[in-house]
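Protein chains: 2
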Amino acid sequence: MKYWCPLAWLPSRVASGVLVSEVDGVITSVGSATDPGDAIVLPGLVFPGFANAHSHAFHRALRGRTHGDGGTFWTWREKMYDLADRLDPDSYYLLARAVYAEMALAGITCVGEFHYLHHAPGGARYRDPNAMGHALIAAAQDAGIRITLLDTCYLAGGIDQPVSLTQQRFSDGDVFAWAARVAELRPASHARIGAAIHSVRAVPRAALPVVAGFDGPVHVHLSEQPAENDACLSAYGRTPTELLADAGALGERLTAVHATHLTASDVSLLGSSRTGACFCPTTEADLADGIGPARELVDAGSPLSLGSDQHAVIDMLLEARAVEHGERLRTGQRGRFTVSELVAAMTAHTALGWPEAGRIEVGAPADLVAVRLDTVRTAGSLPEQAVLAATASDVDTVVVGGRVVVRGGGHALGDIGPLLAEAIG
Amino acid sequence: MKYWCPLAWLPSRVASGVLVSEVDGVITSVGSATDPGDAIVLPGLVFPGFANAHSHAFHRALRGRTHGDGGTFWTWREKMYDLADRLDPDSYYLLARAVYAEMALAGITCVGEFHYLHHAPGGARYRDPNAMGHALIAAAQDAGIRITLLDTCYLAGGIDQPVSLTQQRFSDGDVFAWAARVAELRPASHARIGAAIHSVRAVPRAALPVVAGFDGPVHVHLSEQPAENDACLSAYGRTPTELLADAGALGERLTAVHATHLTASDVSLLGSSRTGACFCPTTEADLADGIGPARELVDAGSPLSLGSDQHAVIDMLLEARAVEHGERLRTGQRGRFTVSELVAAMTAHTALGWPEAGRIEVGAPADLVAVRLDTVRTAGSLPEQAVLAATASDVDTVVVGGRVVVRGGGHALGDIGPLLAEAIG
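Heads up: the sequence lines are chains A and B, in that order.
Numbering that gives the first Met the number 0 applies: residue 0 is where the first sequence begins, and numbers increase by one.
Numbering that gives the first Met the number 0 applies: residue 0 is where the second sequence begins, and numbers increase by one.
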C-alpha cells in the first residue's frame, strides 16, 4: 500500500509531498512526490504513530465520576479500588477494547499497559493465570493498536505491610511466582511483553532486582506523591530513586513514570543512567500530584515519553502541551521544549520495547497519524508548531502496521462512544 | 420556539426532561416534560450559554506561530505587536468574525472583547474613530454571538513612558479623548459597551478614576507578570491592586483579569470590595505567567469568570478544568472548586454587563449550549461532572437569543476553519 502525505513529520524536518510505501506493515520507501498517483491521500500533517507509554485501561471508567467531593490522590484511589473489585476478564476485555479504540481515534498506535489487575477477587487464580493480561492483548488487537503489556509486580500494601483485600487481586504472593506467571504470557505480532515494579511501596527491596532484571522494558511508578517519598525515606533512609539505584534497577531499560517529587541527586541518578522518564501531566494535574522536573531530567540524560495514565483525557497532543505548560508555569519561560522534542516524546516507542517504531523512515512499522490543519483549532498555525494547537479531535486518519484503523475521524469498529458507555455502564 | 433538553443545567440542579420556551429571544417558561412534543430536541446536557469574559480577538492569528524560539511573555508581545501593525477595520472584521464563529462552536454565546487596537497605524484617526470597535460589534453580530466591547484606555508605554510606534494605535492621547470617543460607540441588541484600564503600566495614576468611573462594566489587566508589580512598586510604592484601590477603582463593576501575582493583602482588597476576578488559565500557562490564587479570591468575595484571552485555545470547558487543575497542582488537593462553581464561572455574564444572562430561567436570554454525553470524551461520565470530561468538540447545538447558531457541531456561516485560515493568511 502507498500513502501520500501533503505534509509529513520526517526525522529531520517537516516535508511536503511525501509518498510512503509499505509492505507487510513495514515502510519500504519514503520519497518525494508532488502527485499522489494511486496512493491513499492522507489529509493535513502526517506524524509517526503516537505512543501512549503509560496506561491503566480500567481507570477510564472513573472519568467524570470522582469529582464529587474533593479529597486527595489517596481518596481517589479508594474509588479506583472499588472499580477494580468489579472487573473480570470478559468485562475487562470489553472495557479495554473501547478504551484502546478511543486511543486509536486520538492517533495512539501503541500503548504501554501498566497492568496489575491479575487475579480474581480475593486473589484466586483464573484458569489461565494470565487471563486478564491476555484479555488486554486481545482488546488491543481488536481495537487495531499495538500493546506492550507491562506486567506489574505488586506484592505489598505499603512498605512492610500486607496487601489489602482489593490488592489481593494484584499480588502473586512473591516475586518468583510473579516471574513464573509472566513467563507464560503470550506475545503476538501486535503485542510485546514488558515488566513493571508497581512502586517501591508495593515491591519489597529484595524483590526489586528480580523485576528489574526482566529481559525487556521495565517501568516503575516513581515519586508521584510526597507520601511515597516519606515512607521510603522512613523505612530505608533513602529516596525511591536511590533505592532503585541500590537495587541496580536504573538504566536504559527502565522508565520512571511520573518522577514528580525528585531531589537534584535523584535527577542526576536517573539522567546519568539513561533511565527514561514518562510524564503524565493531565493525570498529574487531575490527581493533584504536582509538576515534575521534565526539562532537568531530559538535560540530565533521560529520554522523555508521555502517558495518559488514568485517562481523565486521552489526547497525546494535550499531554505534550501540558508538559511544556508545566515547565512554563514553574519557570516563567516559554519554549522550554522545542516542538521537535515534544513530538519525540509523543512518538517515543523505545520505552515500550519497539525501538524500530516512532519514525517515518524505511524499516519502521507503517504507523501513521494524519492531523488536519484546516479545523477551527489548527487553521492558521504553522505546520511546524501545529502540535501546540491541535487536539485529538483533529486526528483524521490512523494507520497501524499498514492497516487503516481510523478514517475521517471514525474507527473501523464503528461508533466508540456507545461502546465506552456500555462497558462502563 | 421551544427546546427540549434530555438533561439541563438549571440554577439548582441537573434536571432531566426539561422544556424551555422562548419568545423574542427571552425564556418565557422552563418546565418538566417527558415528551419533546413539537419542540426542537437538543442532545446531551444543556447549559446556559458560556461567557468568554476576556478576549483579544486578533491574538487568534498568533496561534501556533510563536513557539519557534522560546522567550518570555515580553518577547511574545513583540510578535503580537507585529500583528497589530497589520490590521485595519476590514481585515479585523473578517478575522474577528471567524474567531467569534469559532467561539460560537465552542458554546460561547457572549464575549468580552478587551479592545485596544483603536486607531490607524501611527495613531491617525479613522473617519469613524470607532471604526475598529464597530468592526468587532459587526463581527459578533454576523457570527451570531453577543459582545461586550470593553473599550480600553491605553495611554502610556509604561509608567511615565511615552507610547511606542505600535502603541500609537492604542492611544487616544489623554483620558478625556478616550472618554469622548467611547461616548460615541453604538450599542446594539447583541452588543453592550464597557470600559477597560489596559493596566497600571498603560494608564497613568491620575487617569484611573476617569476610566473606573465608566457607567458599566470595567476590566483591567492586573498583575499578570512580576515585572508589572515591580514597576508599580518602584514608581508608586504600592502594588497594582493597592494603586487601583487608592484610585477608588475597586468594586462590583470592576473585573481584574489574570490576578496572578498577588499579595495576601491584594486578595483581601479585591475580595472585600467584590471586585471580580477573570482567570485565563490556558493563556496564563502558554505565556508562562503562573498560577494565580483563584480559590483564595473566591473565598475572599470575588466572583470568578473565565476568558480565553489570546486564544491559544478557545474552549471554556478547558479553561474551567485548567483553573481547577492549577489549584490542584499548587495545593495537592482535588475538588478545590465544585463543578457548580466551575459552571458558574463559565457562564458568568455579570462581569460583562449582562446580569440577566447565564441561567436557564424565566426572563433570561434564551442562550443554550447542548453538550453531547455520548462521545469518546464524555461517554461514561456522570452528567453532574461532565464539565471535567467534555471539550469544545462535544458542543453540538448553540442557541443565542432563541436563534440556532450552531447545529450538529456546524456553524450557520458554514465551515469556519477555512474562514480562519483566510483571515489569518
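A couple of the hints might just be wrong.
Note that the list lumps identical chains together, so a pair holds whenever it fits in one copy or between two copies.
Unchecked claim - Straight line, CA to CA, 25 Å or less: simulated SDA-like cross-link-like pairs of lysine to any residue: (1) K78 to V297; (2) K78 to T330; (3) K1 to V29; (4) K78 to A230; (5) K78 to P382; (6) K78 to V22; (7) K78 to S339; (8) K1 to F175; (9) K78 to A226; (10) K78 to L328; (11) K78 to G16; (12) K78 to L381; (13) K78 to W3; (14) K78 to D373; (15) K78 to G331; (16) K1 to G215; (17) K1 to R85; (18) K1 to A230; (19) K78 to R12; (20) K78 to L268; (21) K1 to A226; (22) K78 to Q167.
Think of the hints as simulated: they come from the structure by calculation, not from any bench.
Hint numbers not upheld by this structure, sorted from lowest to highest: 1, 6, 8, 11, 13, 16, 17, 18, 20, 21
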